[in-house]
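Residue numbers (our numbering), protein chains in the order written: chain A, 537 to 870; chain B, 669 to 976.
It is possible that part of the hints are untrue.
[What the hints assert, rightly or not] So, partial list: chain B residues that the calculated Cβ filter (under 8 Å) puts toward chain A: (1) Ser826; (2) Ile842; (3) Ala890; (4) Ala906; (5) Val907; (6) Arg909; (7) Pro976.
No wet-lab data here; the hints were simulated from the structure. It should be emphasised that the depicted structure is a prediction, and the values quoted were computed from it without experimental measurement. A virtual CB, placed ideally from N, CA and C, is assigned to each residue, including glycine.
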Amino acid sequence: MGRKGLGWYHGESRAASAALSQKGVGRNMRDILRRSHREDERDAGAGGDLWVRCSKCKELLYRPEHEQNLWVCSKCKHHFRVAAPDRIHITADPGSFEERDADLPPMDPLHFRSGVRTYREKLEQSAAATGSPEAFLYGLARIDDSPCVLGVIEIEFIGGSMGAIVGEKVTRAIETSIATNLPLILFSSSGGARMQEGVVSLMQMAKTLARLDDLGAASVPFVSVMTDPCYGGVTASFAMLGDVNIGEPGAFIGFAGPRVIEQTTRERLPPGAAQSEFLLSHGMLDLVVPRPEMRTMLARLLRIYAARSTAAYGSGEAFLESRSAPPEKVAVGA
Amino acid sequence: MELEWEGPVRQLDGEIANIRRVNPDDDRIKSLEEDREARLRDLYQELSPWQTVQVARHRDRPYLLDYIKWMFTDFVEVHGDRRFGDDRAILGGPALLDGTPLMVIGHQKGRDTASNLMHNFGMPNPEGYRKAIRLFRHAEKLGLPVLTLVDTPGANPSLPAEERGQAQAIAESIAVMLSLRVPTICVVTGEGGSGGALAIAVADRLAMLQYSILTVASPEAAASILWRDASQAPEAAAVMRITGPELVELGIVDSLIPEPPGGAHRDHAGAARLLREHVLAMLEELRGEDVEDLIRKRHDKYRNIGRP
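Chain B with its partners taken away, still in its complex shape (with noise of 0.2 Å):
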């Protein structure tokens, strides 16, 4: 997947390439490679709302089972709702980070044909939210840290969804959230998209990786609302702050976890290591918090978003 706009880091590493097929020991290769850097670090230090759409949806962006992979020392998936199905756009289940015992649950999206069909291109139906309420459930009896890491487009919009109460089961699912006796920690790590992304995103700290985005809807989605065309999803990405930085501004995100240079998809397990980082910092900061106050700062927090 290609990026339009890293054309000329693209043309440097064509040059690389060439070089390196006629002489790997090439001299001018590592000043090339320098180069690169260099002009990689310049593009995404400056990365415009659509751009960083763009890259938050790319394709080779670490996933939930990527991060699971690189983060955790166990981990033991957990399948099915109980109630209807296994839905595989929410996958789930305890996990050890560094020692430390967590409940890990997240959205799932696939890379090819195959695999977004499996996983429904992470848009989970209702059973993925009560697997969810579940395993949140499961996490309180045994007094487990919640870790969510969020990236989907939205809850899935079908027929069969409605039939089996997507609306419920996400308003569910974010009730549940608010008052879990045990700490929650929720990264965004690529699209947060929507109440198909806020159902498992109520929690006592909200970061985001640097290059994800949180909306109320998709840019073309909220184009197509406002002014009745979806092409204009780049002009709506730019006007509805959605974009990390932004949404610590507005005081909605509590961190930022920075990327490898050129964005997670470049790195998964240098993308790992800083979000394992990260999120072993947030939970030291919540360590030994009563639940009485930790339930009330939660409710407290989401209670004065957007109060005159």
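So here's chain A without its partners, still in its complex pose (with noise of 0.2 Å):
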């Protein structure tokens, strides 16, 4: 199954689409684009593999058709999740992405095993379902012609937890933001922390935070955009602190999900509640933007922000220089 079938997304070629699977691309793209979408897959049993039923609505869609669509029902606009692989390719101009780290290999801080099973083996299981070796993936990329560092957090590789290696790699994209003085995307989906690893995992948060306090030193810009769900550490640190903090429509968003705050308070949280028109109107969100626009969205606010390397407005040296006049000397009580 190819991905041809989005060049018109891109206002690009067929041609200039398939040149993502010859050059530019890191080597792991290749090959994970081969793979069918996996939440369609979950679905096919409705009508084989031409048909996709959607969970929300329920209505059956043909699946050529929904991927043009962006994975979001054509009836009732529920935005299916996305791969990680997939939603780099539907938001980086073709052929610009170029991976980071891809053969970065898990860790195993904790040697952790629960019953017979290894959480190596669980590491591995996850890599051949996925096709990448941990959960997130991140490289340098150009969105309608402005270049960024772009990165995306797998949600089916261990509900996209952030261990060390995710933590590292989220890490390692802010640096590279840092080193490169290009605006910061990053697109968070996760469960939160990846308990195999313990508090390893929790001082991630610790470590993301650490450099993202970097970035705004180097005055860079970051967008954080949260797709469904996102939760725990990862909204707890880096995902929230965003410039610009974007939502898909219904992601669910929050500290905690659904089902725990249900659990702890007993009660049936309404419509709507933590997800992210929600969290707009709450004042957590900047914007709630439906998948076919979010790379105009993206695009303009490169747009703007490359723009300022070249505006006339310095970074108020010359005011802070004429406040740093030592203290004048008082007697008290003369």
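The two chains are supplied separately, each in an independent frame; assemble them into the complex guided by the hints.
See below:
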């Protein structure tokens, strides 16, 4: 199953889209892109390979069309989950993505085993199922010709949970942004921390934030896009601290998931609570952007930020200098 | 609150009490008490991770206000986040420790129904973290070192907390603490539960009381995520490396602070004295450090956790 059908989305020819599979792409991007979409597979029972059932409105969707619609239900606009390589494909200009640290192997800091199964085995299984060695991939990319650093969490890899390597790669994405002075765009979708890595996983929140602070000091913009679902250690660290926070429509975003909240408070959540639109109205998100408009919105932000280096306003150093005169000495009680 | 595995000690307690009731000067009391001390020491020398969880959660364990009472000569609690309200699960204010002014901030749990409702079982809302942020800034402005005491099951999971940005508040608190221009010390005194604990725990020195725990999720939550069965919490506690000695070995925690024999819940004053000594020692280590060096070392320390 190819991805040529999306050429229109980039305003590019089929040839340009096909170039994705030839050059400028990381080794495993090519492999990964051959995979069929997993959520489709899960729902495929309804009508074989060609049909997908919307998990929300139960509409039967014709797969090639569904793909052209960027995995958004044509009837109820439900946004299906998107595999990380597909996300990169529908976000970056064709052929522009250069993956970094693609081969960074997973870590097992606690030598964790649960029952007879080791964490190593679980990692291997997840890698086989998703085609990614860990739950995050990033690299340099262009969006409508504006360069950036683009990273995506793979939700299907142990729930997109942040262990040492996800934390490491997010941190390296931030460091790449600092080193290249290119804006950072991260798509986050995660269940939270990686249980099998214990407190090492928890500390990834601090690790990513330590570098995010440096990104701020380097005056490099950070756009955080949260997609369904996004919880725990990811939202409570870098994902909520974007210069601009964006959510996809209907995405569940928060510190605790609805199930945890309902179990703790023993109350049913009202419809829509803890979803993107709810967060927007409570001031936690800047924008809710439908998937077909996401690329345009990111490109617009990148254009605005790219113009800043040529703008005439300085860092305010002169103002600070004028303020740094030594304090006047006064005699108290004289 | 009785710990099941302290049975032998309780039995001796009963015997001693009975003898004392008949004759307070009975000769047997002394040797029985020695026996009791020895048994307690033996029990606490080899606590399993799950037993440590139970001690860390003990209702009689000293909480923030107990330590404040025993450790500081002066303390003024300040209130509110200046935005929405005053959280009662995170308290703090300026204090004097042996003549050294510092900012103390920590979680507060309750011991009975009324105080637990007041302190929300030590589970802060966003206002708690925003109050902490305000106090970090306060300390930074005045050059006061910061001491945080961590003891929480986790941040409050509720819809109102989500409405007011629980995740954002925690993220910002971590970020502010990471770049604070004053020395910071964190001691986990009981339960260090997840992001709700980490929010005030990223410090130049991270220490744990001997029988405290630090977890990515409570053993119950971890067991239900890993095996869909919360009753396997003891197993989760055993494999997730949540005790002080294990976390020192992993290089995440800098030092352990001993507790009085049989745990801090048996002797608040003794626990506070040990904590005070160690905090003073850590403050001494950090004294005179250049602030830029301090921040760089702090950043590097966290940057290097789980680095391949």
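| task | Tell me, in ascending order, the numbers of any earlier hints that this structure violates. | result | Per hint list: single violation, 4.
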